[in-house]
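As they're listed, the protein sequences go chains A and B.
Residues 6 to 122 in the working numbering are what the first sequence lists, from first letter to last.
Residues 157 to 267 in the working numbering are what the second sequence lists, from first letter to last.
Since the hints were derived computationally from the structure, they do not count as laboratory data.
No residue lacks a Cβ here, since even glycine has one placed at the ideal position from N, Cα and C.
Warning: the hint list may mix true and false statements.
Unchecked claim - Distance windows between CB atoms, simulated: (1) A:R35 x B:E211: 38 to 46 Å; (2) A:A44 x B:E161: 16 to 24 Å; (3) A:H15 x B:F201: 23 to 31 Å; (4) A:P66 x B:V169: 22 to 30 Å.
What the hints assert, rightly or not - Derived SDA-like pairs (lysine to any residue); straight-line CA-CA distance at most 20 Å: (5) A:K45 x B:K207; (6) B:K207 x B:D222; (7) B:K194 x A:N80; (8) A:K45 x B:D222.
Said to hold, decoys possible - Derived list of chain A stretches under chain B, where covered just means 3 residues or more per stretch with a C-beta under 8 Å from a C-beta of chain B: (9) 12–23; (10) 80–87.
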Amino acid sequence: DTEVTQTPKHLVMGMTNKKSLKCEQHMGHRAMYWYKQKAKKPPELMFVYSYEKLSINESVPSRFSPECPNSSLLNLHLHALQPEDSALYLCASSQDRGRSSYNSPLHFGNGTRLTVT
Amino acid sequence: SQELEQSPQSLIVQEGKNLTINCTSSKTLYGLYWYKQKYGEGLIFLMMLQKGGEEKSHEKITAKLDEKKQQSSLHITASQPSHAGIYLCGADGDYGQNFVFGPGTRLSVLP
Chain A
6 DTEVTQTPKH LVMGMTNKKS LKCEQHMGHR AMYWYKQKAK KPPELMFVYS
56 YEKLSINESV PSRFSPECPN SSLLNLHLHA LQPEDSALYL CASSQDRGRS
106 SYNSPLHFGN GTRLTVT
Chain B
157 SQELEQSPQS LIVQEGKNLT INCTSSKTLY GLYWYKQKYG EGLIFLMMLQ
207 KGGEEKSHEK ITAKLDEKKQ QSSLHITASQ PSHAGIYLCG ADGDYGQNFV
257 FGPGTRLSVL P
């Protein structure tokens, strides 16, 4: 069982819909991540939050909007997505991994399988 | 930028056989992480290596980091169907907080 919980497990949405993906962890981690994974590819980093502040945005289109309401929760708001955005979206958390503390593994949720029609 | 390569890309072995997966970095590694992923699921953390020459084992899986800290290997002894999945190595990117993955090795174990 994973200690990072993602909901929903599956989501189908139209290109005009607005939806949100949710992620929750109770391990006391202060860094949280969103990754996107296409079939037969490794996960690609989208966003990193450190102490509830956005610290990394890997040039992600604005139709993806992350939010970190508190240290345990991470949301990804979706609006006007394209069919090519269909993928597995993975949330992860870790101890803060700034330059002084590299050595902390990421713990992943089971992901949300998103299909954009 | 930090890049990780893995070999082989895919591997099919008979149950009971040993196998090795390799991960090579373009830069010195400050931490190297091994993950396993079942199709369509999240990633399961296996092991973390930090020091040159370090070796760790868990059940039938052993991971090593070379002295130069640019190559790691994952060795499975007496493979079982439960070992099947995608094995990914991961490491810190260029600015610490980002975390990048190798392309993965797809392992199938035939009963």
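Next item on the list: Sort out whether N80 (chain A) lies within 20 Å of K194 (chain B), counting only the CA atoms.
Entry: The given pair, whose Cα atoms are some 24 Å apart, is violated under the 20 Å limit.
Margin query: Given the hint of 23 to 31 Å, is the C-beta distance from H15 (chain A) to F201 (chain B) inside that range or not?
Written below: Distance hint for H15 (chain A), F201 (chain B) holds at roughly 24 Å.
Check: A44 (chain A) and E161 (chain B), beta-carbon distance inside 16 to 24 Å?
Finding: Because 20 Å falls inside the window, the suggested range holds.
Next item on the list: Test coverage of the stretch 12–23 of chain A by chain B using CB-CB distances below 8 Å; three residues minimum.
Entry: Three-residue rule not met by the stretch 12–23 of chain A, so violated; n is 0.
Next item on the list: Compare the distance between the alpha carbons of K45 (chain A) and K207 (chain B) with 20 Å, and conclude whether the hinted pair is satisfied.
Entry: 31 Å, violated
Notebook entry, point to check: Does K207 (chain B) pair with D222 (chain B) here, judged by a C-alpha cut-off of 20 Å?
Noted result: 8 Å, holds
Notebook entry, point to check: Holds or violated: the stretch 80–87 of chain A covered by chain B, criterion of 3 or more residues with Cβ-Cβ distance under 8 Å?
Noted result: The restraint on the stretch 80–87 of chain A is violated, since only 0 of its residues have a Cβ under 8 Å from chain B and three are required.
Next item on the list: With 38 to 46 Å as the target window, see if R35 (chain A) and E211 (chain B) comply at their CB atoms.
Entry: Distance hint for R35 (chain A), E211 (chain B) is violated at roughly 30 Å.
Check: Regarding P66 (chain A) and V169 (chain B), is the given constraint of 22 to 30 Å on their beta-carbon distance met?
Finding: Hint violated: Cβ distance 41 Å, outside 22 to 30 Å.
Note to self: What's the verdict on K45 (chain A) and D222 (chain B), does the C-alpha distance respect the 20 Å limit or exceed it?
What the structure shows: With a Cα-Cα distance of about 28 Å, the restraint between K45 (chain A) and D222 (chain B) is violated, given a limit of 20 Å.
Going through the hint list in order, the structure does not satisfy hints 1, 4, 5, 7, 8, 9 and 10.
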